[in-house]
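Visitor: Residue numbers (this note's numbering), protein chains in the order written: chain L, 3 to 169; chain B, 593 to 714.
Hints were generated in silico from the structure; no laboratory data involved. As the structure is a prediction and not an experimental result, all values here were calculated from the model.
The list that follows gives simulated cross-link-like pairs (lysine to any residue, SDA-like), each with its CA atoms no further than 25 Å apart:
| no. | chain 1 | residue 1 | chain 2 | residue 2 |
| --- | --- | --- | --- | --- |
| 1 | B | K700 | L | R165 |
| 2 | B | K628 | B | L604 |
| 3 | L | K7 | B | F696 |
| 4 | B | K629 | B | I663 |
| 5 | B | K700 | L | R6 |
| 6 | B | K629 | B | E619 |
| 7 | B | K629 | B | M615 |
| 8 | B | K600 | B | H620 |
| 9 | L | K149 | B | S681 |
| 10 | L | K149 | B | R709 |
| 11 | B | K700 | L | T137 |
| 12 | B | K673 | B | C644 |
| 13 | L | K50 | B | T595 |
| 14 | B | K673 | L | A157 |
Derived contacts from chain B toward chain L, CB cut-off under 10 Å, selection only:
| no. | residue |
| --- | --- |
| 15 | E651 |
| 16 | D653 |
| 17 | Y666 |
| 18 | E678 |
| 19 | S681 |
| 20 | L686 |
| 21 | G688 |
| 22 | A693 |
| 23 | L701 |
| 24 | E703 |
| 25 | E707 |
To give a feel for the contact side, a few chain L residues facing chain B, derived at Cβ under 10 Å:
| no. | residue |
| --- | --- |
| 26 | D11 |
| 27 | Q20 |
| 28 | D102 |
| 29 | Y107 |
| 30 | S120 |
All C-beta atoms, glycine included, are put in the ideal place defined by N, C-alpha and C.
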Amino acid sequence: MMLRKASLDASFWINAYQGGLTPFLPDYFQLFVCSTVEREILHPLTVKGLPVAAALQFRNWCDKEIIVRQDPIQAVDWYHTGENAATALAIENDYVLLIDDQNPYHFARSRGLKVVNSADFVVFLYSAGQLAYATAESTIGGLGLGKHLGRTALAALGALAQRKGER
Amino acid sequence: MATQSVTKTIRLSPEEGAALEQMSREEHLPETTLLKKLVLEGLARRRLEWACAAYARGEVDIGGAARYANISIYEMIDELKQRDIEMVSPEQFLNGLEDLADLFDMPKLREVADELRTSSTQ
Chain L
3 MMLRKASLDA
13 SFWINAYQGG
23 LTPFLPDYFQ
33 LFVCSTVERE
43 ILHPLTVKGL
53 PVAAALQFRN
63 WCDKEIIVRQ
73 DPIQAVDWYH
83 TGENAATALA
93 IENDYVLLID
103 DQNPYHFARS
113 RGLKVVNSAD
123 FVVFLYSAGQ
133 LAYATAESTI
143 GGLGLGKHLG
153 RTALAALGAL
163 AQRKGER
Chain B
593 MATQSVTKTI
603 RLSPEEGAAL
613 EQMSREEHLP
623 ETTLLKKLVL
633 EGLARRRLEW
643 ACAAYARGEV
653 DIGGAARYAN
663 ISIYEMIDEL
673 KQRDIEMVSP
683 EQFLNGLEDL
693 ADLFDMPKLR
703 EVADELRTSS
713 TQ
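If we strip away everything but chain B, and leave its shape as in the complex, we get:
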């Protein structure tokens, strides 16, 4: 089956056109190829930024963010870490400690979770 393509036209100022021409020479790429490359890179970057921001706002989970950005969950986790976007909140962490205390009968873990919860609210 033949691959379909669409044509998009953009207008550039003379300075922008000259800059594109110069980059085309430097990268040894035809201008149209370079333009396509730049557009695709820009789209990928914008989608990744949107995915990270949406995750930070609580709108998507990691899998959904990765799918939107068209990257793997491994890569998405790395991106979130690089941006210091937390995947677990301190409150969820303390809840998890309490769950582990219950599951494995470790009262000290519960004590610590209670202590930290109390100190964080003071």
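With the rest of the complex left out, here is chain L:
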């Protein structure tokens, strides 16, 4: 399957790590991260000295260039610096934007970006046969998505399961 280039936001990484989804990311995406997002993800390590697992894995992947550092030439000025830079990087390079933050979302979509969140990725992995139904279901539960989104994500999973003949 062809890898898609994607700009990573901290919100997506943190949730994806919590849901155990990060090992699947390199199978589908070539990941790029800008320096402001990198600082946000590494904050527990660099500022507080806390060995937070999501930050450790992120640093490890950056060191191995599984995640490539790249900054936008010109940041957009919509929201907070991290989200702005991640969005600008996606716009400048026509990357997918991986983000779990609904407020900058509309701006990104209005610029024609493809925007994917961690709940989408769980359902996608089930559709692709990478996760069993029960695992996908429990992962959605574990992401702490909130009532409405959780219900919609489970409905999507159920509809896909019917099409696959698994339910």
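Got chain L; can you put chain B on it based on the hints?
Guide: What follows is chain B alone, placed relative to chain L:
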């Protein structure tokens, strides 16, 4: 460089003063130290509440909310989840499924997104 500080004065009722005195004894802290601690804790709590409410109203993103509350993005995400404030709307989720369907040529994902969108509008 010397750290500058400012002095703030508050007036308390006799009952409030007695309560502060009692807490000061219980926590083995001088009253002024306890007062400062309580003020700082209260400020932090109010800033966090404001940040979460502003996020829920769509006024700030997660990074901005975290910065206002003076916490990390990790902590902000936890706070939003504890308050059941959604970081992604169901509509955005369905759009994302469609984007993934396009990106990786998975028509079933698009079908499901269309189906759920239709059922949510009925």
